[in-house]
Amino acid sequence: MLVLPAIDLLDNEAVRLLQGDYSKKTVYSSEPEKMIQVFEEQGATLIHIVDLNAAKTGKSENEKAIRKIKDKCSVELELGGGIRSLENMKFYDGLGVSRFILGTVAVEDPSVVEKGLKSYGPDRIVVGVDAKDGYVRTKGWETNSGIKYTEFLKSMYGMGIRHVIFTDISKDGMMAGPNTKAYVELLSLFPDLQLVASGGVSSIQDLVDLYDSSKGKLFGAITGKAIYEGKLDLKESIRILSKKRNEN
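Counting along the sequence shown from 1, when you hit position 136 you're at 183 in this note's numbering, and nothing is skipped either side.
No wet-lab data here; the hints were simulated from the structure. From the three backbone atoms N, C-alpha and C, an ideal C-beta is built for every residue, glycine too. Be a bit skeptical, because a hint or two may be false.
Have a look at the derived ranges for each label pair, beta carbon to beta carbon [stated by the list, open to error]:
#: 1; residue 1: E108; residue 2: D239; range: 32 to 40 angstroms
#: 2; residue 1: S166; residue 2: K103; range: 37 to 45 angstroms
#: 3; residue 1: N293; residue 2: K186; range: 37 to 45 angstroms
#: 4; residue 1: G141; residue 2: S235; range: 35 to 43 angstroms
#: 5; residue 1: G181; residue 2: E108; range: 29 to 37 angstroms
#: 6; residue 1: G224; residue 2: T197; range: 19 to 27 angstroms
#: 7; residue 1: S70; residue 2: D239; range: 19 to 27 angstroms
#: 8; residue 1: N293; residue 2: G193; range: 30 to 38 angstroms
#: 9; residue 1: T190; residue 2: K282; range: 35 to 43 angstroms
Using 27 angstroms as the maximum straight-line C-alpha spacing, the simulated DSSO-like pairs for lysine-lysine come out as follows [stated by the list, open to error]:
#: 10; residue 1: K117; residue 2: K282
#: 11; residue 1: K119; residue 2: K162
#: 12; residue 1: K81; residue 2: K111
#: 13; residue 1: K81; residue 2: K278
#: 14; residue 1: K103; residue 2: K228
Full structure from sequences and hints, please.
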């Protein structure tokens with residue numbers, strides 16, 4: 048199980064928005080590549096990036112930051128936020144991004160998912176599922192699609208999707224622990240799904256609980272705020288999970 052440090056890019060800076068409000072941002076660094084160098088030094092092999100500019104407008108303003116990250120770091124990057132077409136994927140592919148996360152567009156226009164799978168294969172296309180009260184939310188969590196997340200995942204799985212990031216919106220940023228029950232349920236429905244947990248991971252114990260409850264079958268877990276606030280030691284968490292893998 049990988050630990051994926053999360054970083055949000057806005058105007059080429061690493062930021063955190065308060066409850067998604069673009070007018071209420073905290074800038075963590077004007078040099079995101081230096082943050083990612085630290086993550087790499089601590090053992091991270093895959094970084095989760097959200098392009099907040101593209102998520103809002105459909106156009107990335109973070110090409111400079113992503114190029115610097117790829118120039119300075121050797122870790123793989125997965126990126127989401129505003130990827131709505133094959134052209135978007137080609138743009139990020141040109142910047143060296145390894146995995147493309149499709150969210151709202153996967154619900155509204157599944158043909159984009161099919162095109163991505165055909166062009167880049169199942170290991171580079173990731174579907175991001177944001178759920179609340181059992182239903183998929185779209186457009187930055189604001190819209191209830193009316194589709195149960197289990198039904199949505201059945202259709203994506205049938206299409207060939209094998210990599211999924213599942214976010215329990217009610218847990219995100221609350222530092223109150225992840226929804227382990229949902230991940231266990233999904234892995235029982237789709238045993239060979241490469242599932243990444245997102246939302247609520249606030250301590251090493253949360254990561255251990257996710258590992259144990261899923262019997263080591265989770266692909267990874269995303270954490271951001273807990274690292275920034277010093278509540279989760281990235282290097283130590285990677286060491287502990289590596290030790291658990293070796294014991295099993």
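(request) State the violated hints by number, sorted upward, taking the hints as numbered earlier in the document. (result) 2, 7, 8, 11, 14
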